[in-house]
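Peer 1: Protein sequences appear in the order of chains Y and D.
Under this note's numbering, the first residue of the first sequence carries the number 1, and numbering increases by one thereafter.
Under this note's numbering, the first residue of the second sequence carries the number 1, and numbering increases by one thereafter.
What the simulated footprint calls covered on chain D by chain Y, stretch by stretch (three residues with Cβ under 8 Å from a Cβ of chain Y suffice, anywhere in the stretch; the number is not a length):
{"hint": "1", "region": "178-192"}
{"hint": "2", "region": "273-279"}
In silico negatives: residues of chain D with every beta carbon more than 10 Å from chain Y:
{"hint": "3", "residue": "64"}
{"hint": "4", "residue": "77"}
{"hint": "5", "residue": "236"}
In silico negatives: residues of chain D with every beta carbon more than 10 Å from chain Y:
{"hint": "6", "residue": "40"}
{"hint": "7", "residue": "48"}
{"hint": "8", "residue": "51"}
{"hint": "9", "residue": "73"}
{"hint": "10", "residue": "202"}
{"hint": "11", "residue": "299"}
{"hint": "12", "residue": "304"}
{"hint": "13", "residue": "348"}
The hints are simulated quantities; they were obtained by calculation from the structure and are not laboratory data.
Glycine included, C-beta positions come from ideal geometry on N, C-alpha and C.
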Amino acid sequence: MNIELTDLTRRFGRSQAVAGVSLEAGPGVFGLLGPNGAGKTSLLRMMATVIAPSSGRMRLLGRDPGAYGQRRQIRRRLGYLPQNLGYYPAFTVVEFVEYFALLKEMTPARIPAAVAAAVERVNLGGKAKAKLRTLSGGMLRRVGIAQAIVNDPELLLLDEPTAGLDPEQRVQFRGLLRGLGQRASIVVSTHLVEDVGAACTEVALMDQGKIVFRGTPQELTTRGEGRGTGDAALERGYTAVLAEARA
Amino acid sequence: MDDDELIASVAAGDDTALRELFSRHAPWLAARLRSVLSATDVEDVLQETFLAVWTGARGYRPEGSAGGWVWGIARRQAARFLRGRDPAVLSQSAAAAASGSHAGDPAEAALARAEITDAVAVLGPEGSPEREVWRLMYCEVVSATARRKEGTMSDPDAGRDHPAAATRAHPDSGPPDVDLGRVWTGIAARVWRREPGWLEWAAGRLLRSPGLARALLTTPSLLVPWLIATVVVVGAGALATLGTGQPLVWVVTPALAAAGIAYAYGPGMDPAWELSCSMAVSDRMVLLVRALAVFAVNAALGLAAAAGMAAWVITVLSAWVADGQLTAAVTSSAPVVPYLAAAACCVVVAVYATRIPRGMS
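With the rest of the complex left out, here is chain D (with noise of 0.2 Å):
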């Protein structure tokens, strides 16, 4: 997969794709910023870059070169970083390259030389001829002609656009003093990291435990015998209420949802119990939390219910009092139909979450 495509994936929420990305163009992107900035800074400003990288994969265009593109990034990264410092932190070299177009901007000076340094790095190493040809060519004519007119380098960016050439001149693994490992850590913290709903939010600020919340409202082997205890609560209702004056229900179905919340409790339905129980959270606790949850939420269910019914009786069917069959064969059933609607929901949620994935024995 080249650059280009790594970057479509990366904007299509691809985290491997991230993960390839960093380990082809971090190593190069260190080597380069380590000449200007200590090495944890240039940790810093990577694991910026590459979050800026994974925020921003959408608005790139594959029109130039992928690692110029990141390292168009991390040059602004760094050049934000940098110039949050004193200037006078800044390197001896990085001030006396900052003359020219950068005479007031330290920050840039010091990455333009930088860029140049690692661009000239691919020429071969020092007092190679390559290397020699461009000294003369370039260091003493610009020199010169610098002293002569008091100008300077005449491309502050030279190598911008050229990373494969960095690159090559610098090998895989960075520069020594450069955790990269910490800086992907440090990056994938951010990119793997799940935001909790507002629901488990809320509850965890009601609990006073992230834990708990999490345990009540994600683990499915919580949530199944929660929504099972639901429908043989709410279907106990429904029958209850057909033979009406019947107070038997208030007291039955508390037990029958109490039964259905044991049943979950324990190793017979939670897969992961035995880790559970070496946890600081106790199971106890998430037992009793899921009891007065499974109780509220049957209550506010029940009530939703009978609430939405009553209003549509009285609104909808009011206006048919003309016929007073309908009416009453309206009246006597609705008491039942939003229980056994509520229930019918329950039963398609707990089928569905119980479901066994194709493929799967």
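Chain Y with its partners taken away, still in its complex shape (with noise of 0.2 Å):
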């Protein structure tokens, strides 16, 4: 199993962001699926080694990234695109991507490719050169997954990947997904449920820093046959789970 946390919890000062997650997910793309506030975001940023858990243990490519040096190799194989994205104004694409791929220790013999196919399997190779404060916010989302996928990590977190995307760009973003997740774990962190049902095997639905309901996206349909609400199948299975959850 690449990600294996048993009860783990998050506090930021009184409030409780994550409240016992058990889980376990080994390649594949898991999707996971919560209103705002629901813990999705602190749950992600553990596992990308950012912050520490309050409580609980986390095993991540079979190591422990409470340890110096398997944080380290953990973060060697690791992929992660924030919510926020951050970047550096006058960096082009490439140095961006570039920049990261030296920050993950990646063979500096190796990092030309890396860059160069990282950057054109997200139909950015045109922009290669152009300055980030100069690309728009869709495009700025792209340089992120980029920089996330230069190093072709085994674990892969994405947290609201498609926001600023368009249709089209979406659709190819789901088929990147899924030739990624035939060796990676990723887990995907959105609130867009169709995404979910597009690209993920494997689906979550967190509420009040909990895992409410774990399953595939069909099982997630089935549960809203006849109850919730919602246009698509996927979002009324949705709403009843959380209606479930809360009652």
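Need the complex rebuilt from these two chains, each delivered in its own frame; the hints are there to steer you.
Peer 2: Structure, rendered in structure tokens:
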């Protein structure tokens, strides 16, 4: 298992963002659904080793992120797209992706080809030498995805990856996810249920820091039959499970 | 934009123009080369061809066909590639074509044959009236002549200058077993590659981490606070030196530098802080190296300024000793001036580096 979480919690002062999450996941695309404030981003940040859990046990790629040496090994094999991608406006697309490839301690000789491949995979080849400050929001999002996949990660964590992408780009992105999910574990946090239905092999629904549903997108759809509200079947499943959890 | 304009843009360093040129010409080049080379070899030859276009575009003269020029480069690359191989591995057809002017060079013969095959393909499908006329007029006559005179084809390079015709003969995608996307990625990797400067290279060697060196020397969010810390330290040095004999400066200035560095550490100044925290090169290691670099730069700046000013005082002003007042004024202000000059330079650089680009809020 690439992801093993046992009773994981995270507090920020008095509020508990993540309240006892246990999860196991191997290769594939794992969708993390939930309303705003459900704890998705905090869970993802813990898995990205950006913040430490308040309690619980976490193993990523068979290693303990609490130990410095093992955390470094995890980070070399990790790809992470934060919800709010910060960037250096004067960097070009290639410089930005290359910078993070270096910080991931990729072999310098491998970097140029890996950067070119990542930039092409997100269809930014025509903007490779454009400064980041000149790019649109959707393009910046794709730059973020490029830096996340540049090291061909075994664990890829994407927080709202399709925010700002147009429908065509979203379709392409789902194709990219399916390809990457053949060998890597991908966790996609989103509130767009159609992304989950199209690209994810498994889905978890979070509410108030807890996982209230885990199964396939089809199973989530089934839970909404005759219940729930929404235009799409998956949306009805989503609202039905949330209503059940809050009841 | 036509091919000539594209090549002019390539000569000016426009990689998007190279990309467009590649998408226009790589498919037919691949199709033509594929008849004499394996798919993997075609990919290698194409990559070298377009890299040669990138580096040699300034030498292009728009007198003939741009496609012909590109094919000329591809042909030379392919010939060089083939000559590096054991002649025995050249295809049977190439060996069969190795007669006449190319008798001693199977590589040239193979390429010539590919060109003719490609040019003939433009006439239409196998069995079409045009192809039949060509076969009767060219193959039959030449074969007969060859048999009689032991000669060969009259123009082995036929089709070399007609790549446009070849383009029409082949679909845009190129041969199915040649991965043009992979070829372009290989080209892009070389074209987009950014060579580190000597300072970054040296820092990378010293720190044994190219990532740390890049973080230290190129990241604006790191560089600006570094400069601010330097300004503060050097400015404090200048003020403290005004009151001579005050040892406080040696205590205060490192603390000020440390405060500047601490100010730069964290999400407040570094827009990509969240990402940096998930990297194998630890953010704390970056902080440590940055602190060392700031102190080292401050020390070097102070020493250089003091040494420079001392040399100036000794060599120039010593000649003016006749005027006692001037000497006194200069010597009393001399210890402060280098600090102030260095601080002013740092302020200018910091203001320039932190300026908001026009049109940005």
